[in-house]
Amino acid sequence: MNKGLTLDGVFYKLHVSSLKRHFQVLDGENAERADAGNIIRDVIGTYYNYSMTIENAVDTRSDYDAFYEEISAPVESHILTVPYAQGTMTFEAYVTAGEDNLELMDEDGTDWNGLTVQFIACEPKRVPA
Amino acid sequence: MSITFKYKGETFTAQNRSQSEMVIEKALVAEMLSADSFSFLLRGATGNYEQNYRKGDVLEIWNGASQIAEFFIERIKADDANFQFTCTSAVGMLATVHQDGGMLSGETVGDVLPGLMGNYSYVVDPEVAAIQLRGWLPESDCRSALRQICLPYGISIMRTSAGLPHFKFNFPTVAKEISRRDVYSGLKRGDLTPVTQVTVLEHSFYASNAVSEEVLFDNTSTAIAASSDRISFDMPIQATTLRATGSLTIDDSGVNFAVVSGVGVLYGKPYVHTVRAQSASTGVVGEPNEMRFEDAYLVNSLNSYNTLQRLASYYSTAEELDVSIRADGTVRAGDLVRVYDKYRQEWVNGYLQKAVVRFSASTTRADCSVIANWRPDYIGNNYDSYVVIKASDLVGGVWTVPAELQGKRVQVVLFGGLRGGHSGGKGQTPAPVYPGDGTWHYEGNAGGVGGDGGEGAMVYAAEIDLTAASYAVTIGSGGPGGISADGTDVAGDLGGDTTFGSMSSANGAEVSNYINLVDGTLYIEAGDKGQDGGKGGEGGTVNIEMVSYITPDNVWDPYLEGTWDVGEDGEDIGTHSGGAKGTTGWVGQSTGGQGVMSHGKTVGVTAPGGGGGASISANGSAGGNSTSSYNAGVWSYFSGPGGNGAAATTVPAKASFGKCGRGGYGGGGGGLPGKCETQSIEWPRYSYNVNPGTPGQGGLGSQGGTGSDGFVVVYYKA
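One line per chain: the protein sequences are A and B, in this order. For the first sequence, the numbering used here assigns the number 61 to the initial residue and increments by one for each residue that follows. For the second sequence, the numbering used here assigns the number 34 to the initial residue and increments by one for each residue that follows.
Please note that a few of the clues may not be correct.
As the list claims (entries may be wrong) - Looking from chain B toward chain A, a few residues come up when the C-beta cut is under 7 Å (computed):
1. 201
2. 205
3. 209
4. 213
5. 214
6. 216
7. 393
8. 395
Stated by the list, open to error - Now the in silico label distances, taken between C-beta atoms and shown as ranges:
9. A/137 - B/108: 49 to 57 Å
10. B/389 - A/182: 25 to 33 Å
11. A/111 - B/115: 28 to 36 Å
Hints in this document: simulated from the structure, not taken from any laboratory. A virtual CB, placed ideally from N, CA and C, is assigned to each residue, including glycine.
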C-alpha cells in the first residue's frame with residue numbers, strides 16, 4: 061500500500077507523522093439551560109474531525125508543495141479520505157488554517173516541513189434517529 | 034422526534050432547512066380570528082420552486098409518521114440555492130376569498146360553513162353545526178365572515194391532530210403538565226392591556242314595507258352605461274324591493290349587492306336595523322379603557338348576554354404568562370397546559386393562546402403565551418327555550434313562574450295588542466268619460482279593493498332575573514280595524530298595552546315582523562288583505578248601421594238599422610250574487626225586443642243597464658230597463674240604469690295569535706248604465722232625445738279586522 065493520503069480525489073505521496081481524530085455532538089439553536097437547571101439538548105448530530113501533521117522528505121517535496129497549494133486553495137471544502145475504525149472514511153470537510161516550517165533552503169531547493177492542518181466535517185456523519 | 038416538511042412529493046428534513054418558524058394563535062374568546070403562519074428556509078436546493086409553486090399548494094408538517102399541521106403556500110422566494118417558503122393556514126387563505134353575505138334567518142352553521150371554507154378541509158362538531166344564525170352577514174372575505182359567526186357564540190377554531198381547522202365549543206379540561214425540565218429559563222408576566230369596560234352591540238334586522246327607498250346607484254349624470262357592474266351596498270337591502278329605472282337592468286342581486294347593466298337609477302329598501310348597546314364593567318381599576326364590539330352583526334338578543342359576559346370575564350380576570358417550553362409536535366393553540374409559576378411558587382393552569390414554534394435539529398421550542406386565571410364559559414346562545422304568556426295563562430291577572438324558570442336570567446319581550454287592518458275600499462261608481470270625439474260614456478265599475486292587513490305592534494324587551502314566584506301581567510287587546518265613511522283608506526289602530534310587573538310595551542317601539550330567535554316563529558305577521566268587492570256589470574250595448582236598398586227603378590235608398598243587447602250581471606262574491614242585468618232596451622221608431630232590428634231614416638237605441646257588484650255581505654242591486662218619459666210635448670228615452678254595488682258590512686274575524694288584523698272587505702262596484710245612441714240620414718235631421726240611465730253607486734267597504742291580542746315571550750336557558 062502506498063503511503064500518503066487522498067484529497068479531492070488526488071493521491072499525494074506524503075508522510076503523515078500524526079493523525080488525530082476528534083468527534084463533536086453539536087446542538088442546534090433550541091439548546092438551552094432549563095428552568096430546573098438541566099440542559100435541554102437540541103442534538104444536530106455527530107461530527108468527525110481530523111487533524112494531521114505532514115512531514116516532508118526529498119522524495120515527497122513536489123507532492124508536499126502540491127498538497128499545500130490544494131489545501132490552502134480558496135474553496136469551501138474538500139473531500140478527504142482518512143482511516144476510520146478498521147477501514148477508511150471519505151467525507152466533506154473544510155479547512156480554515158494551516159501552518160508549517162521552513163527547514164532548509166539551498167541550491168537543491170527549499171524544504172518546508174511539519175505542515176499541520178485541521179479538517180472539520182461539513183455535516184454530521186451521524187444524526188439522531 | 035423527527036420533524037419533516039412535505040411539499041409536492043418532496044420531504045425536507047433538518048439537513049436541508051433552517052429558520053423554521055410556525056406561529057399558531059387562538060383568540061380564546063373569539064374576539065378576533067387569527068391565521069396561523071409558517072415559514073422556513075430551504076437550503077442548498079436545486080429546482081425552480083419560486084417559479085413552479087401555486088398559491089395554495091399544500092405543505093404538511095409531519096412528526097415522524099404523524100401529520101401535525103397543514104399549511105398553504107403564500108409565496109416562495111429564491112436567493113441563489115436557498116428558497117424562503119412562506120405559508121399560511123386555511124383561515125389565512127380565506128382572507129382573499131370573497132363571499133356575498135346575506136340576511137340569515139335560521140340557516141345553521143353547518144349550512145353556512147361549506148360556502149365559506151370552500152375546498153379547505155375542516156371538522157365541525159355537531160353542536161356547533163346545529164346553531165341557527167339570525168342576522169346580517171355583510172359582504173366580505175370569508176375569514177371575516179368566519180369571525181362574524183364565531184364571535185357571538187364563542188365558537189373556537191382549533192386544530193385536529195392532523196392540523197385541520199376544527200370548529201368546536203369545548204376547550205380541553207385536562208391540563209397537560211409541562212415539566213420544569215422542559216421549560217426554558219424564564220417565565221414572564223404578559224402584557225394584556227387592561228380593559229375597564231366591555232360593550233357589545235346587539236343587532237336586529239327586519240323587513241318592512243314602510244321603509245323609504247334609497248338610491249343605491251345612479252349613473253344618469255354621466256350616462257356611461259354599466260356593463261355587469263357589481264354594486265355593493267353599505268347596508269342590507271330587502272332584495273325583493275330592488276328596482277331599476279331607465280335602461281338599467283338588474284342581472285343579479287342579493288342583500289348586499291346588485292349586478293347591473295345600462296343607465297338608470299337603482300332603488301331599494303333597506304332592512305330596518307335596530308341596535309341595543311350592552312355594557313359590563315370588568316372590575317379592573319385604572320384609566321378608562323373600553324373594548325367595544327360594534328360590527329358583529331350576528332350578535333342578537335339570543336346571544337348578546339353570553340357574548341358580553343364571555344368577553345367581560347376574559348378581560349376582568351385573565352392573566353398572561355409568557356413561557357418557553359420544549360414542545361412535542363402536538364403543541365396546539367387552545368391547549369390547556371399546567372406550568373410552574375416560579376415567582377408565586379405554584380403550579381397554574383392556563384390556555385395556550387399563542388405559540389411561536391421553532392423547529393430545529395431535534396428539539397422543538399415553543400415560545401408560548403398562556404392565559405391563566407380564566408375559565409372558558411358563556412358559549413353558545415344565552416337562551417335556547419321560551420314560553421309564551423297569553424291571557425289564558427293568567428289567573429286573576431297573575432302569571433306564576435314555572436318551576437324550571439324560577440330564579441333564572443331571562444329575556445322578557447312584551448308585545449302590545451297587534452294593529453288592526455285597514456278599512457275596505459269602496460266600490461267604484463261609474464263616472465262620465467269624454468274621449469273627445471263628441472261622444473261620452475260611463476266608465477269605472479270595479480269592486481272596492483280589500484283593505485291591506487294591519488302591520489306592527491309595540492314591543493319592549495328587557496333582561497331580568499325571575500326572582501319572584503309570580504308577576505302581574507296584563508295582555509293588551511288587539512287593535513281595531515280602520516273604518517271609512519267615504520271610501521278613503523283608514524289604517525287600523527295599535528292594540529292595548531301589555532305589561533309585566535312594572536314593564537310595559539308602551540315603553541318600547543313599534544316593530545313589524547318579529548322573529549322568535551329560538552325557532553324562527555314569525556310574530557307580528559302582517560294581516561291578510563281583505564277580499565275585493567264584486568265588479569259592477571257592464572251596461573247593455575247598442576249598434577246602428579247604415580244599409581242600402583236598391584229600388585225597382587234602380588235608385589239607391591239608404592236606411593239605418595239599430596239593435597241593442599243586454600249587459601252583464603254584477604260579479605258574485607262568495608254566496609252573494611251580483612245584481613241581475615236589465616233585460617229590456619228600446620229602438621225607435623218601433624220598440625222591439627233584444628236583437629229586434631228597426632230601420633228608418635232616423636233611429637234611436639237604448640240598452641238596459643248592468644247589475645251592481647256583490648260584496649261579501651250582500652247581493653248587488655239589479656240593473657234597470659230602458660225607459661221613456663213625455664214632458665211638454667217631448668219624448669225622452671233613457672237607457673237602463675246600473676244597479677248599485679252592495680256595501681260590505683261584515684268585519685273580518687279577529688286575527689289569529691301573533692297576526693295583525695285583516696283588511697276590511699271591499700264594496701261592490703256600481704253597474705254601468707246601458708248605452709244609448711241616435712243617428713239620422715234625412716234632412717232636416719231629426720234625432721231622438723236619448724239619454725243614459727243613472728250609474729249604479731259603489732258600495733262602501735267594511736271595517737278592517739281586529740288584530741291579535743298582545744302576549745309575552747320569555748326566553749330562558751333550559
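Results for each hint:
1. Given the 7 Å rule on beta carbons, the hint for residue 201 of chain B is violated: about 31 Å separates it from the nearest Cβ of chain A.
2. Below 7 Å, beta-carbon pairs count as interface contacts, and residue 205 of chain B has none with chain A, the closest being about 23 Å; its hint is therefore violated.
3. For residue 209 of chain B, the interface hint is violated, since its Cβ never comes within 7 Å of a Cβ in chain A; the closest pair sits about 17 Å apart.
4. At its closest, the beta carbon of residue 213 of chain B sits 4 Å from a beta carbon of chain A; the interface hint therefore holds under the 7 Å criterion.
5. Interface hint at residue 214 of chain B: satisfied, since its Cβ lies 5 Å from the closest Cβ of chain A, which is below the 7 Å cut-off.
6. Interface restraint check for residue 216 of chain B: the shortest CB-CB distance to chain A comes to about 4 Å, inside 7 Å, so the restraint holds.
7. About 4 Å separates the beta-carbon of residue 393 of chain B from the nearest beta-carbon of chain A, less than 7 Å, and the hint is met.
8. The interface hint given for residue 395 of chain B holds, since its Cβ lies 5 Å from the closest Cβ of chain A, which is under the 7 Å cut-off.
9. In this structure the hint that residue 137 of chain A and residue 108 of chain B lie 49 to 57 Å apart at CB is violated, the actual value being about 32 Å.
10. Take residue 389 of chain B and residue 182 of chain A: their Cβ atoms lie about 30 Å apart, and the range 25 to 33 Å holds.
11. Taking 28 to 36 Å as the suggested C-beta distance range, the pair residue 111 of chain A and residue 115 of chain B conforms, at roughly 31 Å.
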